[in-house]
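Asker: Residue numbers for the sequence shown follow my numbering, so the first one is 1 and each next one is one higher.
Please keep in mind that the hints were generated in silico from the structure rather than gathered at the bench. Computed from a prediction, not measured in an experiment: that's the story for all the values here. Every residue gets a Cβ at the ideal spot worked out from N, C-alpha and C, and that includes glycine. Take every hint as true, because none was put in to throw you off.
Capping the alpha-carbon separation at 25 Å, the derived lysine-lysine pairs in BS3-like fashion look like this:
#, residue 1, residue 2
1, Lys235, Lys133
2, Lys37, Lys114
3, Lys237, Lys111
4, Lys7, Lys37
5, Lys237, Lys114
6, Lys235, Lys114
Label pairs and their in silico Cβ distance ranges:
#, residue 1, residue 2, range
7, Lys30, Val145, 32 to 42 Å
8, Met66, Lys30, 27 to 37 Å
9, Val145, Ala36, 35 to 45 Å
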Amino acid sequence: MAKPWSKIVSSQLTLFFNASVFLTRFPAPKKVRFSAKLLELSAVYFPLVGLIVGLFGAASYAVFLMVFPPAIALLLMMALCVYVTGAFHEDGWADTCDALGGGYTPDAIKKIMKDSRLGTYGIVGIVGILAIKYSALFTLASSAVEMLLIFIFAQGYSRWLALTVMWQLPYVQDSPGSKSKPLASAISGVILCRSGIPLLFLSVAFFTVVSFDSFWFALIALAFGYAGREYMMRKLKRAIGGFTGDGLGAVQQLSEVLFYLGCVAVLPS
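Please construct the entire structure, taking both the sequences and the accompanying hints into account.
Answerer: Right, here's the structure in full:
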């Protein structure tokens with residue numbers, strides 16, 4: 001017998017809130033259940049949570065623009081988005097920079113990733129990627145609507161690209177206290193496809209509103225983001241044989257910023 005629609009909706013909302021609480025500081029209703037198994041299944045909603053973070057950032061930018069010039073409004077928007085995500089992905093990027101820069105064996109690399117302290121490679125990496133991200137978005141900010149649509153799309157697209165790494169590589173971090181341990185099981189192709197549905201709907205607005213000279217130019221921008229995913233995935237595979245939670249954060253950050261750079265490269269100046 002098929003489940004009643006109310007139970008289907010309730011179960012999907014539970015998965016959504018598990019994903020949201022894992023990836024952000026957004027609150028969830030008190031009655032929502034949380035577990036390692038639910039978190040594993042909630043990966044299907046990671047890109048949607050990313051899009052919501054992007055919408056939150058876009059709304060905050062519009063509010064900040066009422067008081068501040070674009071340069072400051074953009075900086076405040078980025079700071080607020082880092083806060084609502086708990087610097088989750090930025091921390092993963094910094095830890096991965098430290099690990100890949102200072103580790104020379106798979107065990108040493110994984111040990112550095114688990115270390116809460118931040119080293120030189122991590123500091124340089126996080127400062128560098130935030131500076132590039134800000135510069136790219138500011139360059140695109142001459143058209144606020146286009147910049148915000150690119151920003152929103154990037155939040156979902158980069159998280160979906162991180163899921164493709166989970167689909168392709170094994171989880172290799174053996175720390176029992178790892179927040180990403182429940183995601184150790186490889187996600188299925190069905191979940192990967194379902195997770196991309198919100199991006200398909202948004203892509204209609206993305207390709208329609210953003211003034212690329214041609215459809216192929218838009219694909220080039222998307223390819224820039226994919227190149228970040230491909231580079232980081234190959235780097236992780238060669239260094240440790242799979243992915244870790246920090247590695248997924250690095251995939252998300254690099255693919256996001258390269259997508260912005262792709263848009264800067266192909267959009268009319």
